[in-house]
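2 protein chains.
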Amino acid sequence: MKILIKNVILNGKTVDIYVNGGKIEDIGTELKKEADKLINGAGKVALPSFINGHTHAAMTLFRGYADDMPLKKWLEEKIWVLERKLTEEDVYWGAKLACLEMIKNGITVFNDMYWHWEATARATYEMGLRGFISAVFIDMFDKKKAEQQVELNLKLFDLSKKYSPNVTFTLGPHAIYSVSKESLIWANEFSRKNGILIHMHVSETEEEVKFAMEKYGMRPVEFLDSLEMISEKFIGCHGCWLDENECEILGKKGGRIVHMPVSNMKLTVGRVVPHSLFSKYGVTYCLGTDGCASNNHLDMIETMKFASLLAKFSTGDPTILPAKEVFQLATKKAAHIFNLGEWDLNVGSYADIILVDMERPEFVPNFDLFSDMVYATNGSCVDTVICMGNVIMENRVVPGEEEILRNVKKVAKSLIERE
Amino acid sequence: MKILIKNVILNGKTVDIYVNGGKIEDIGTELKKEADKLINGAGKVALPSFINGHTHAAMTLFRGYADDMPLKKWLEEKIWVLERKLTEEDVYWGAKLACLEMIKNGITVFNDMYWHWEATARATYEMGLRGFISAVFIDMFDKKKAEQQVELNLKLFDLSKKYSPNVTFTLGPHAIYSVSKESLIWANEFSRKNGILIHMHVSETEEEVKFAMEKYGMRPVEFLDSLEMISEKFIGCHGCWLDENECEILGKKGGRIVHMPVSNMKLTVGRVVPHSLFSKYGVTYCLGTDGCASNNHLDMIETMKFASLLAKFSTGDPTILPAKEVFQLATKKAAHIFNLGEWDLNVGSYADIILVDMERPEFVPNFDLFSDMVYATNGSCVDTVICMGNVIMENRVVPGEEEILRNVKKVAKSLIERE
Chain A
1 MKILIKNVIL
11 NGKTVDIYVN
21 GGKIEDIGTE
31 LKKEADKLIN
41 GAGKVALPSF
51 INGHTHAAMT
61 LFRGYADDMP
71 LKKWLEEKIW
81 VLERKLTEED
91 VYWGAKLACL
101 EMIKNGITVF
111 NDMYWHWEAT
121 ARATYEMGLR
131 GFISAVFIDM
141 FDKKKAEQQV
151 ELNLKLFDLS
161 KKYSPNVTFT
171 LGPHAIYSVS
181 KESLIWANEF
191 SRKNGILIHM
201 HVSETEEEVK
211 FAMEKYGMRP
221 VEFLDSLEMI
231 SEKFIGCHGC
241 WLDENECEIL
251 GKKGGRIVHM
261 PVSNMKLTVG
271 RVVPHSLFSK
281 YGVTYCLGTD
291 GCASNNHLDM
301 IETMKFASLL
311 AKFSTGDPTI
321 LPAKEVFQLA
331 TKKAAHIFNL
341 GEWDLNVGSY
351 ADIILVDMER
361 PEFVPNFDLF
371 SDMVYATNGS
381 CVDTVICMGN
391 VIMENRVVPG
401 EEEILRNVKK
411 VAKSLIERE
Chain B
1 MKILIKNVIL
11 NGKTVDIYVN
21 GGKIEDIGTE
31 LKKEADKLIN
41 GAGKVALPSF
51 INGHTHAAMT
61 LFRGYADDMP
71 LKKWLEEKIW
81 VLERKLTEED
91 VYWGAKLACL
101 EMIKNGITVF
111 NDMYWHWEAT
121 ARATYEMGLR
131 GFISAVFIDM
141 FDKKKAEQQV
151 ELNLKLFDLS
161 KKYSPNVTFT
171 LGPHAIYSVS
181 KESLIWANEF
191 SRKNGILIHM
201 HVSETEEEVK
211 FAMEKYGMRP
221 VEFLDSLEMI
231 SEKFIGCHGC
241 WLDENECEIL
251 GKKGGRIVHM
261 PVSNMKLTVG
271 RVVPHSLFSK
281 YGVTYCLGTD
291 GCASNNHLDM
301 IETMKFASLL
311 AKFSTGDPTI
321 LPAKEVFQLA
331 TKKAAHIFNL
341 GEWDLNVGSY
351 ADIILVDMER
361 PEFVPNFDLF
371 SDMVYATNGS
381 CVDTVICMGN
391 VIMENRVVPG
401 EEEILRNVKK
411 VAKSLIERE
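So the sequences go chain by chain: A and B.
For the first sequence, the working numbering gives the first residue as 1, with consecutive numbering after it.
For the second sequence, the working numbering gives the first residue as 1, with consecutive numbering after it.
Simulated from the structure, these hints should not be mistaken for laboratory data.
Among the clues, some could well be false.
No distinction is drawn between identical chains; accordingly, a pair holds when it is met within one copy or between any pair of copies.
[Unchecked claim] Pairs of lysine-lysine, DSSO-like flavour, derived with a Cα cap of 27 Å: (1) 253 with 161; (2) 253 with 280; (3) 37 with 144; (4) 280 with 413; (5) 6 with 410.
Predicted model, so just to flag it, every value in this text is computed and none were measured.
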């Protein structure tokens with residue numbers, strides 16, 4: 001698709017942006033180009049789209065079903081009860097809703113881990129997003145289950161080509177307390193051989209650290225490092241309870257962390273990622289929403305505000321995670337983690353672009369665009385979304401929205417009612 | 001104005017709501033009523049509007065001008081420098097923008113403290129909102145200044161009748177570290193004599209507690225209680241550093257607190273209001289956004305999410321401030337503080353109503369309306385706003401919006417440039 005965006009504000013200047021073949025081909029004033037799609041950018045700012053570093057897309061189905069509960073009770077009595085009933089069709093519609101919601105909030109890339117892999121892949125492909133999608137790999141230290149999971153992942157890896165270029169297959173070993181050492185070794189070898197990212201929960205709770213110390217005599221990242229798993233292919237999610245030595249390992253080996261401030265606060269995991277240790281040891285990290293059961297909104301703009309304010313409050317330092325830095329965690333830094341290039345809007349960059357409507361009260365006076373994006377607005381400021389060079393939302397309209405809402409309502413109702 | 005809202009969802013049922021003379025006159029199905037204004041409520045939920053318990057409306061002018069700075073430096077080098085230059089006209093436009101922004105986010109009542117009282121009163125009146133408006137009363141322990149402030153307040157109290165019924169005059173002694181004991185005594189007597197609310201900053205920072213201990217040998221609320229100021233007319237804002245004895249005093253005497261979670265996190269005041277002591281001693285409290293310089297968005301829905309999640313995170317208790325309770329802090333509990341009745345949508349209630357658009361991704365599946373309102377959405381879900389029986393926003397359109405945005409841009413630019 002060839003797209004010409006006229007008179008949009010980019011880095012403080014009014015320009016035209018020309019998109020061709022999924023990339024930005026030209027930026028200038030009064031560009032004369034042949035285009036399949038002409039967009040009037042007047043009154044709008046062009047920014048790189050957001051990257052959601054960790055979610056469970058189809059958990060939109062559980063939004064608001066159970067909140068304000070202790071984690072164990074919430075999982076055992078509510079979430080797992082529903083998850084056991086999930087069909088491929090349920091997950092497909094849940095993932096469609098998640099894609100719709102992410103598009104509405106200016107997200108074009110997400111990193112997912114869930115059941116019924118292909119349902120999420122299909123939804124992502126149809127909605128025109130970029131998904132790094134993993135199947136939840138849990139063996140509970142059972143050899144038979146481990147074999148089944150390996151077999152499934154081999155099958156899905158082959159299948160994933162069908163959903164290219166939207167879907168990138170990733171490995172999803174759930175966590176050290178739910179996956180055996182042998183399976184982790186297998187995942188690591190498969191990842192190295194095929195250049196695949198590993199997506200895993202790490203150090204979310206104090207219990208996890210205790211588990212690692214008791215079972216392996218090491219903290220979670222120390223244990224994973226003993227298996228040579230910590231590399232630039234390793235994406236550890238949460239990381240609330242990382243200590244200094246673990247941060248040093250992550251920094252040295254290039255392991256990545258995804259920080260979920262909203263989910264961490266809602267589920268009261270007790271600690272915040274150690275931002276200052278990340279700085280000290282050069283740990284690369286980005287932000288995520290987590291799934292809708294523990295957030296309950298897939299809005300990276302909201303997540304940026306929570307990340308910055310939680311960092312400030314928990315450290316007592318009002319200068320930590322300033323607006324521009326937190327904006328980069330949600331865009332450029334995340335792109336680096338997912339090998340998506342510089343993620344700036346320059347000639348040659350990927351055309352993953354959002355146009356933000358500046359004619360809103362919260363963008364007035366607009367002394368600082370990054371401050372306004374992080375502290376003053378929310379996902380509803382996004383007017384137009386372009387992903388991989390295709391327009392997937394214009395004037396806040398996403399094709400097929402009504403059908404998705406209607407079907408998810410049906411699916412969620414049937415999920416509760418069925419045995 | 002006579003308003004007939006057809007087929008709207010109220011407490012889970014589809015009904016018609018008839019508004020007449022600022023109150024809800026009838027609720028039923030297929031109501032046949034004469035109306036000046038007919039509203040199609042299909043696909044929308046009717047809820048009581050939000051009450052913003054503490055703000056400095058015109059500080060929208062400073063949004064994004066200075067963030068991510070230590071409090072003292074931020075005030076002395078940035079905020080106070082601009083505030084010294086403010087004219088009545090500046091404050092008028094800043095307050096107009098704040099009113100516009102609050103309407104867009106479903107707020108119809110706000111409690112304000114700022115300079116150039118009449119500018120804010122005029123803006124509030126013109127925009128059709130309810131404002132409890134106080135002039136900042138600061139004497140810095142200077143007798144002459146105190147006399148001027150008393151004189152000004154007497155004048156404004158008389159003037160306030162001009163802006164009735166939208167504007168209610170309140171007293172705004174800034175804080176114990178900026179107002180002399182004599183002036184506090186005057187404010188308290190004037191409040192009792194005329195039934196006026198007192199709006200004051202209390203226990204925002206540890207420094208304030210230290211100041212009170214050093215100057216008066218008592219903590220802030222103990223000192224105010226020694227002046228007999230703690231009553232149902234007293235609204236103390238922030239309250240982060242309140243201790244158990246202060247909460248007991250507030251509970252016994254009926255003193256109110258307004259909690260500003262976003263501002264407290266952004267300015268790193270170091271502590272959260274003691275929710276459990278508030279429960280123990282029955283302290284009545286509500287929520288506020290604070291001004292746009294320290295938030296930077298006048299969105300009570302966002303504030304509800306921050307309040308609940310900050311309470312959970314800081315106490316380690318995921319069950320604290322559940323969705324429905326925090327929704328009531330932003331509506332019903334606040335209405336009690338400002339003497340606005342039950343603030344439910346019943347026959348006879350004030351017609352301060354918002355209609356929320358349910359055809360949005362974040363309201364699907366909609367297992368629990370309060371969970372979705374608090375955790376899954378933001379102010380942009382509000383479609384229609386009725387204040388005191390008048391429609392002030394419909395389909396997200398507020399009359400005069402463009403003019404306000406245009407003028408605030410001009411005013412803010414000139415404020416920076418002028419000597």
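How the hints compare with the structure:
With identical chains, the CA atoms of residue 253 and residue 161 are never at most 27 Å apart, being 29 Å at best within one copy and 69 Å at best between copies. Proximity of residue 253 and residue 280 under a CA criterion of 27 Å is satisfied intra-copy only: 14 Å inside one chain copy versus 50 Å between copies. For the identical chains of this complex, residue 37 and residue 144 are neighbours neither inside a copy (53 Å) nor across copies (68 Å), given an alpha-carbon limit of 27 Å. Taking identical chains as interchangeable, the C-alpha atoms of residue 280 and residue 413 are never at most 27 Å apart, the minima being 49 Å within one chain and 39 Å between chains.
Only between protomers do residue 6 and residue 410 lie at most 27 Å apart by alpha-carbon distance; the minimum there is 25 Å, versus 41 Å within a single protomer.
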